[in-house]
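*Asks:* Residues per chain are reported as follows:
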Amino acid sequence: MRNRDLSFWLFLSPVLICLIAVVIIPLLNGLFYSFTDWNGLSLNKFVGLDNYTKLLSDNEFMTSFWFTIKFSAAAIIVINIIGLGLALIVTQHIKSSSFLRTIFFMPNLIGGLILGFIWQFIFTKAFAAVGDAVGIEGLKGWLSTSETGFWGLVILTSWQMAGYVMLIYIAYLQSVPQELIEAAQIDGASKFQRFRTITVPLIAPAFTVSLFLTLSHSFKMYDQNLSLTNGGPYNSTEMVAMNIIKSAFTDNAMAYAQSKAVIFFVVVAAVSLVQVFYNKKREVEL
Amino acid sequence: MKKGKLFTGIFSSLFLAGAVLSGCSSSSSGGDSKDDLTLEVFQFKVEFKNQFEELAKAYEKENKGVNIKVSTVGGGNDYKQSLTTKFASGEEPAIFNIGGPTDVEQFSDRLLDLGETEASKAALEGTLDGVTVDGKVLGLPFNQEGYGFIYNKRIFEKAGIKAEELTSYDKLLEAVKTLDSKKKDLELEAVFAFPVKEKWVTGNHLSNVFLAPEFEGNVLKAYESPTVEFKNSEGLKQMVDLQNDYSVQPTTSLDYSQQVEELFSLERVAIIQQGNWIYNTVYEMDPELAEKGIGIIPIPVNGESKMPVGVPNYWAVNTKVDEKVQKEAKKFLDWMYTSDTGKQAVLEDFKFIPAYEGYDGTKIADPISQEIYKYSEAGNTIGWAFNGFPIGWNEDEFGASVQAYVSGKLSWDELVKKNMDAWKEIRSQQ
Chain A
3 MRNRDLSFWL
13 FLSPVLICLI
23 AVVIIPLLNG
33 LFYSFTDWNG
43 LSLNKFVGLD
53 NYTKLLSDNE
63 FMTSFWFTIK
73 FSAAAIIVIN
83 IIGLGLALIV
93 TQHIKSSSFL
103 RTIFFMPNLI
113 GGLILGFIWQ
123 FIFTKAFAAV
133 GDAVGIEGLK
143 GWLSTSETGF
153 WGLVILTSWQ
163 MAGYVMLIYI
173 AYLQSVPQEL
183 IEAAQIDGAS
193 KFQRFRTITV
203 PLIAPAFTVS
213 LFLTLSHSFK
223 MYDQNLSLTN
233 GGPYNSTEMV
243 AMNIIKSAFT
253 DNAMAYAQSK
263 AVIFFVVVAA
273 VSLVQVFYNK
283 KREVEL
Chain B
46 MKKGKLFTGI
56 FSSLFLAGAV
66 LSGCSSSSSG
76 GDSKDDLTLE
86 VFQFKVEFKN
96 QFEELAKAYE
106 KENKGVNIKV
116 STVGGGNDYK
126 QSLTTKFASG
136 EEPAIFNIGG
146 PTDVEQFSDR
156 LLDLGETEAS
166 KAALEGTLDG
176 VTVDGKVLGL
186 PFNQEGYGFI
196 YNKRIFEKAG
206 IKAEELTSYD
216 KLLEAVKTLD
226 SKKKDLELEA
236 VFAFPVKEKW
246 VTGNHLSNVF
256 LAPEFEGNVL
266 KAYESPTVEF
276 KNSEGLKQMV
286 DLQNDYSVQP
296 TTSLDYSQQV
306 EELFSLERVA
316 IIQQGNWIYN
326 TVYEMDPELA
336 EKGIGIIPIP
346 VNGESKMPVG
356 VPNYWAVNTK
366 VDEKVQKEAK
376 KFLDWMYTSD
386 TGKQAVLEDF
396 KFIPAYEGYD
406 GTKIADPISQ
416 EIYKYSEAGN
426 TIGWAFNGFP
436 IGWNEDEFGA
446 SVQAYVSGKL
456 SWDELVKKNM
466 DAWKEIRSQQ
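From first to last, the protein sequence lines stand for chains A and B.
Here the numbering used here runs 2 ahead of the position in the first sequence, where the first position is 1.
Here the numbering used here runs 45 ahead of the position in the second sequence, where the first position is 1.
If you are wondering where the hints come from, they were derived from the structure by calculation, not from laboratory data.
Even for Gly, the Cβ is constructed at its ideal location relative to N, Cα and C.
Keep in mind that the hints are not guaranteed to be accurate.
Straight line, CA to CA, 25 Å or less: simulated DMTMM-like cross-link-like pairs of lysine to aspartate or glutamate [to be verified]: (1) A/K47 <-> B/E150; (2) B/K216 <-> B/E349; (3) B/K454 <-> B/E422; (4) B/K372 <-> B/E210; (5) B/K462 <-> A/D60; (6) B/K454 <-> A/E62; (7) B/K227 <-> A/D134; (8) A/K142 <-> B/E307.
Simulated restraints on C-beta separations [as the list claims (entries may be wrong)]: (9) A/A75 <-> B/K365: 42 to 50 Å; (10) B/E329 <-> A/I120: 20 to 28 Å; (11) B/E336 <-> A/L102: 49 to 57 Å; (12) B/T364 <-> A/K282: 53 to 61 Å; (13) A/F279 <-> B/D367: 54 to 62 Å; (14) A/K282 <-> B/E329: 55 to 63 Å; (15) B/M330 <-> A/S218: 41 to 49 Å; (16) B/N325 <-> A/T201: 42 to 50 Å; (17) B/E393 <-> A/V273: 56 to 64 Å; (18) B/E219 <-> A/N61: 41 to 49 Å; (19) B/S302 <-> A/A75: 32 to 40 Å; (20) A/K282 <-> B/S302: 32 to 40 Å.
With the hints as constraints, model all of the structure from the sequences given.
*Replies:* So this is what it looks like as structure tokens:
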């Protein structure tokens, strides 16, 4: 334990203090509030597990949770497929690959709220205009039904996140040893076989990281949801984060919202950790 | 290599420690010089931020030693969110805004009795209803606002319709049908633009027209009522159907800016259900249309046409600030609404429909507001009871279920039942 001397703690302290002040304390604070009737201003009494039992019969919360799960599942799959696809494209030896990387990554630089408004315009105006011109009814009235709202959100998120995930895949794809691939080529493996049996196992850590990032990102999404659909129509595209904020700041049920947030935190943490644990096992070392 | 690591370590820890420390110091640097009195106003109306700050400066000039610090945080929910956070973090603005009975209850221990102020004595009848508790006046009205059907005069004229005659549902329906049949000649996309996406348009405004009579138009009665009965459910349904059927589609994704800017201001629809607050937006798009081309009529209910006029917001003075500051805050509010300088600013700069007596009605800035003030003066109004509806009911229950209704996911009877239940449930939890 030579490491744990004074200077160890000294150097650690700035980070530790920050972490405790902005993460640990609020977390415990929130946990505490979820057992009370706090309304943001005054705290009158402890209510025990009342908030949590009420939560189980809260249809709206359950609906939004279910919606969030469906959304996350769709978004994670789409983002990772597109991300990996883009990474494969730009790691081929084509001339404009670094230019393409920049372009693909660009959407990630735009803030979520703005992105939501941009896509709102695309879905309601551009889609409708194209639909009119080509005569496809399916392109009209986007965001006015819950299905189009759902896919609108998935498209928006994929567009934003795919470039980011692409970067992670690129990093791992480039570290795949060229000689292994060449050896397989000499052995007569087809392009697809080489990809499936050599590249995929070797970039398994990239899947772990990307899945983790996209999972937590899609679960916690709020700003894109707010600006694109704002939960409409009839609250059917309302995700958990939005539901929590609504009970906290519209209904002033701060303590109740806090209990929702605690449950939400537990679920997201559990799902993410299980995913990481499971995927870690599949990773191979050279 | 080792040295390099040490340096990065020291550097980064210094940097972080610096960040932490600077975070602490900024919160303690709020003090002003000692003799001056600082009046902190925390208000939500973005639209008149600049004009309000001008007026505050004029007050500072007249009253040496008074500093008015105005912070503006816009939009309904955002404002309350920040206000609650501000209070929770121990910051206490001297003057802030409250919206009605709900806020009065939530912030009850912070509201100073303003019954003694001149402004509260000058307030028009009914404008203090929402903030009077046990004879104490806990807020002063900002202004009055009204809403109804805003129509395009040119289009009405061309179609041969006289707006003032549309005093019943049947007459309105007939006019809408006429407009609809002449859509091509009039270059209209549809008769209405009905923004079902904006849950406040249906949840606050439209519902109020048909539900307020149950509470005699009184916001406190609505606030105290454990149930809502939808006595005029049929009338409400007709009006939802009429606007939805003859609207630009799809209404569930039609929003406020499309309704007002894109469709109404560009004269692609003839009628929209909105209020006097749209005037500036229309003016920016088309000054001539705004000044001469638009008018407002009430939404007819049971053959009556009464304008829904109400007070959207109130000024409140915080009991948790220094007594001297409280006194100055009251003085400032009085000055704003009863002095000549203040009155002039209220009418000409803020472009408010005044909620106080002693104003010259003809000086009201825009034709829509003038029209509303006329109804108000004649007492031909119904109150804004919707500020007393249960928290979250207006938008998340009623507004959302109208979206489901127009999407065909919910029948009208189911909608009525669902909303009656929701009202009861929210009330029983309070």
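*Asks:* Against each hint, give a clear statement of whether it holds in the structure.
*Replies:* How the hints compare with the structure:
Taking the CA atoms of A/K47 and B/E150, the gap is about 18 Å. The hint holds against a cut of 25 Å. Between B/K216 and B/E349 the alpha-carbon distance is near 12 Å, which keeps this suggested pair within the 25 Å criterion. Restraint check: the Cα-Cα separation between B/K454 and B/E422 comes to about 43 Å, which exceeds 25 Å; the hinted pair is violated. At most 25 Å may separate the alpha-carbon atoms for a hinted pair to count; B/K372 and B/E210 exceed this at roughly 50 Å.
This hinted pair checks out: B/K462 and A/D60 have alpha carbons roughly 18 Å apart, not beyond 25 Å. A distance of roughly 16 Å separates the Cα atoms of B/K454 and A/E62; the hinted pair therefore holds under the 25 Å criterion. Note on B/K227 and A/D134: the hinted pairing holds, with a Cα-Cα distance of about 23 Å set against a maximum of 25 Å. Between the alpha carbons of A/K142 and B/E307 the distance comes to roughly 18 Å, so the proposed pair stays at or under 25 Å and holds.
Separation of A/A75 from B/K365 is about 49 Å and conforms to the stated range, judged on CB atoms against 42 to 50 Å. Restraint check, B/E329 to A/I120: a C-beta distance of roughly 22 Å satisfies the suggested window 20 to 28 Å. For B/E336 paired with A/L102, a C-beta distance near 53 Å keeps the hint of 49 to 57 Å intact. As the Cβ distance of B/T364 to A/K282 is approximately 58 Å, the hint placing it in 53 to 61 Å holds.
A C-beta distance of roughly 58 Å is found between A/F279 and B/D367, which places it inside the suggested range of 54 to 62 Å. Separated by about 57 Å at the C-beta atoms, A/K282 and B/E329 satisfy the suggested range of 55 to 63 Å. Taking the beta carbon of each, B/M330 and A/S218 are about 43 Å apart, inside 41 to 49 Å as hinted. Checked against the hint of 42 to 50 Å, the pair B/N325 and A/T201 fails, with Cβ atoms roughly 60 Å apart.
For B/E393 and A/V273, the hinted distance range of 56 to 64 Å is satisfied, since their beta carbons lie about 59 Å from each other. The beta-carbon spacing between B/E219 and A/N61, approximately 42 Å, falls within the hinted interval of 41 to 49 Å. In this structure the supplied range 32 to 40 Å holds for B/S302 paired with A/A75, their Cβ-Cβ distance being about 33 Å. With their beta carbons about 48 Å apart, A/K282 and B/S302 fall outside the hinted range of 32 to 40 Å.
Of the numbered hints listed earlier, those contradicted by the structure are 3, 4, 16 and 20.
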